[in-house]
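Each of the two chains sits in its own frame; use the hints to bring them together as a complex.
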Amino acid sequence: MSKLILDRRRLLGLGAAGASSLLLAGCDAFDDLGDRDSRLRALLQNANDLTYRAQRLLIRDGALAPEYSESEIRQGQRPNGSTDPQSEAYLALKADNFSSYRLSITGLVENPARYSLAELRNMPSRTQITRHDCVEGWSCIAKWTGTPLAHLLDAAKLKPSARYLVFHCYDIMDLGPRGPIHYYESCDLIDARHPQTILAYGLNGQPLPVANGAPLRVRIERALGYKQPKYVYAIEAVDSFTRFGRGRGGYWEDHGYDWYGGI
Amino acid sequence: MHGENRSGTRPCSGPLIYRQSLWTRATHWVWALCLFFLLLSGLQIFNAHPALNIGHESGFGYDNAILRLHAVNTPDGPRGRTTVFRWAFDTTGVLGLSGPADDRRVRGFPPSLTIPSYQDLATGRVVHFFFAWLLVATLLTWLAAGLVNGHIRRDFVPTGKDLRALPRDLADHLRFRFRHTRDYNVLQKFSYCGVLFVLMPLMILTGLAMSPGMDAAWPWLLDLFGGRQTARTIHFLVMTLLILFFVVHLLMILAAGPLNELRSIITGWYRTDGEPDKVSEPHS
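Chains A and B, in that order, give the protein sequences.
Heads up: the first sequence is residues 5 to 267, going by the working numbering.
Heads up: the second sequence is residues 233 to 516, going by the working numbering.
If we strip away everything but chain B, and leave its shape as in the complex, we get (with noise of 0.2 Å):
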């Protein structure tokens, strides 16, 4: 298969096949609302204390911060600084420093990427509280039914086939170049399950240990991600690698063909490509 011309392959003209059940696409898009609410009320939550600190505790007397947003006064005016490690970048106007030229706020994020967008971190807590419930509701949703129906077994264990295939997927991927067929492909797999089984649990997990109430019924969560602090930088972390999965995964749609992903992700159905020896085999 490696070196093949793909040039005559003609995509998306085989048959209509009915690729996502009810579950997968109402848990997808259940999830498509909570991590938009989570990360702009969390970003809101982020702006009351908009700091990363390393550690059990935030140092105010010395310095255990890896990333600060905050402003400065200089003799241009007040400037919005980031500050990650000792590398100080001038960011007024988006991080530090936020608004209108002629009524600047000193804000961590933006107005434009919080929820409410004026400072409220009482209504950020809220909003993120309830999706925050909603998610987990969600995600132990998916994690029954796809152990029950097989969807978890069937699509996303890699199979010695799939790393096989690894490097021709990378290379196709990188060509812009894509199969449609029934079978999530292995980067796909790869991707899907570190959202699904790695970047999760850690952000559940990291939540949690920033409960002061949890950190009492589970003291190994401070221990597992080295204080208090560290775990809300880590979750601020995983927030960002979510980020760097939705930017890939629209990209990936866009380029694969976002009429027939769409419709395969509300309605289920799916066109495969065309030529039958492409397609996978039936599933067991």
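Okay, chain A solo, but in the shape it has when bound (with noise of 0.2 Å):
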């Protein structure tokens, strides 16, 4: 055994050649759990439905995601993904200045609804500074003004069966083999009645520009920036959103991220 104990010049060398080799050997040897129909992603993605769970446990429904106040808004707030639509729907309303646009409540709800842009400004509204947090892993804080989700909830009034809300807006995202893929998102009931769930149309005491979501975003403030969908123009009360793009219940969900977006 005591052979075995090197002294530091030869144990010096051996550090540095195992850190070498470990640098060159590469992890490409698990890029087949980038697959994403691999069996094995399928098992660790097993953690997901746990963390939504505990998550869910954890947390109070209305436990309130952390205010700041207006002297912490210290930039514009950062826009990514699409930032400027193309779609013809959506350049016809954005050239009439959003003034034929109309919000579509439908689905599994007892009242079906369309509101205007002007109706909804004229409800309750709720203006929160909060912050945004991309699943990039940077954080923008910024104000944010909109209607209430659940006063419109109220109104359209629920049917038992619906568990699950579905965003749907006019940017296009791909084209796929069947048309344009637009985005799309979904969250469950709690973060659908949360008080701090609002359709924004106000950034920063000015009206949504187009860059962040113009005429209307959803916050969920209690989630990632990708579960704040934009320029949404229809609602749909759902019992599955497995009907929905790849079925998993939202644009990048489609492409391998997480559903509930809580972390």
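These are computed hints drawn from the structure, not numbers from a lab.
A couple of the hints might just be wrong.
[To be verified] Residues on chain B that point at chain A, a partial pick, calculated with CB under 7 Å:
(1) H288
(2) A297
(3) D352
(4) A354
(5) T355
(6) G392
[As the list claims (entries may be wrong)] Here are a few chain A residues that face chain B, going by a calculated C-beta distance under 7 Å:
(7) L48
(8) W142
(9) C144
(10) K147
(11) I267
Idealized CB from N, CA, C, for every residue including glycine.
What follows is the structure, given as structure tokens:
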């Protein structure tokens, strides 16, 4: 055993050799995990369900995301993802300053409805200074003003079978074999009815700019940025979101991101 | 004991003793697995925003970064650059800009240090959160077992004797002289306690502080760490300390006799030193 005790010089040499071979070896050995249909990946993804359940258990349904003071708004809200939708329908709306815009509330509701921007602005509103956390890792503090989604849901009266809301958006992300693929998102009814969940039409005291989702953007403040769809034109109450996109509840979810998005 | 001539010791010629319980051995290897995947998936996640900021948010209209891995255009073509506070270093090929010389890509950490090797944040997150849960479950298992079977009280809490032995232990380590006894020496106790009771909880809490969901449940996390972006920065710094621990851990194993050390963490059995008076007293 004593023969294996090394002197310092040999030890440092070994350490350096080990470190450099580790660096060169690379990690493409695990690239199969990137395959969205891999069974190993499906196994690992169970942790996301665990996170969702654990957080729903741990976080009170009404617990508020931290709110900040005016002095903590030090920069404009950083736009990300789509910043200038080019779909014909959207361009037409933008051309008339969204005066013909209508938000539809559809699906499993007793009272489907359509609201103009002026009608939404005349409803009770909530203004909140919150931190936007992008899944990429950055954060940005901004002031959002909008209509609490719970207010619209009360008016629409969800049917008992409704379990999720799906948000349909104007921005086109890809061109698929069956036509353009629009951004969409979904959330459970806890997030939908959360007091800070608003349909924002104002940002930092101004009308919501196109780059940030004009005319209407969802704010779900306890979730990451991709759960805050922009350019929303319809909110559909559903019992399951499997019939939309690839069935995983959102554009980015269809590309391998977790549906809950609270971490 | 100080200044004693130790040339007459016979390392590792004493009795084989059962040193590591199954709990210790099993949790050790699960941690090793977890930390490997957490590190490489963590660097993948970092690459999506290859900077560290201080405060609640990331400065885009102003600068609050303490570290940036980025690329710049120069007259000689694009170069990888690492900026730490105000100091910039050319790190082309490794940080900021990497890949084969004819196919350089703008990336924080190079493909060899991320899982997957290519840019894929979604997969990095899947891997990271799976192993984060596994790590927490293993830590809790270890904690429960260690409290019940006395491992933590007996082997981790430094005693007065340990503290008195600290200068000599430090000197011995610096000279690469190791005693092989049943007990951890005081430097081992400090470093293992530091990892298990300081770095691991810090890693978990700073990780949770980055979750917008957890920030609603436990807003004190943000107060504790000084904002979500500072928490992210601390998460990264703790990662570098864990790597430092890992490197020293490996060097110590190599220096102290890798076969004996490996045997004890695989089978539990450990060959102690030959001098009976050097072997610590049996545990009460």
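A quick look at each hint next to the structure:
A distance limit of 7 Å between C-beta atoms decides the matter here; for H288/B the minimum to chain A is near 6 Å, and the interface restraint holds. Taking 7 Å as the C-beta cut-off, the interface hint given for A297/B is violated, the closest approach to chain A being about 10 Å. At its closest, the beta carbon of D352/B sits 5 Å from a beta carbon of chain A; the interface hint therefore holds under the 7 Å criterion. The closest approach between the C-beta of A354/B and any C-beta of chain A is roughly 4 Å, which is under the 7 Å cut-off, so the hint is satisfied.
Interface restraint check for T355/B: the shortest CB-CB distance to chain A comes to about 5 Å, inside 7 Å, so the restraint holds. Hint status for G392/B relative to chain A: violated, with the closest Cβ pair at about 30 Å, above 7 Å. For the restraint placing L48/A at the interface with chain B, the shortest Cβ-Cβ distance is roughly 4 Å, inside the 7 Å limit, so the hint holds. Taken as an interface hint, W142/A checks out: its beta carbon lies about 4 Å from the nearest beta carbon of chain B, inside 7 Å.
Using the Cβ-Cβ criterion of 7 Å, the hint placing C144/A at the interface with chain B is satisfied: the shortest such distance is roughly 5 Å. A cut of 7 Å between beta carbons decides the hint on K147/A: the least distance to chain B is about 13 Å, and the hint is violated. Because the closest C-beta pair between I267/A and chain B is about 4 Å apart, less than 7 Å, the hint holds.
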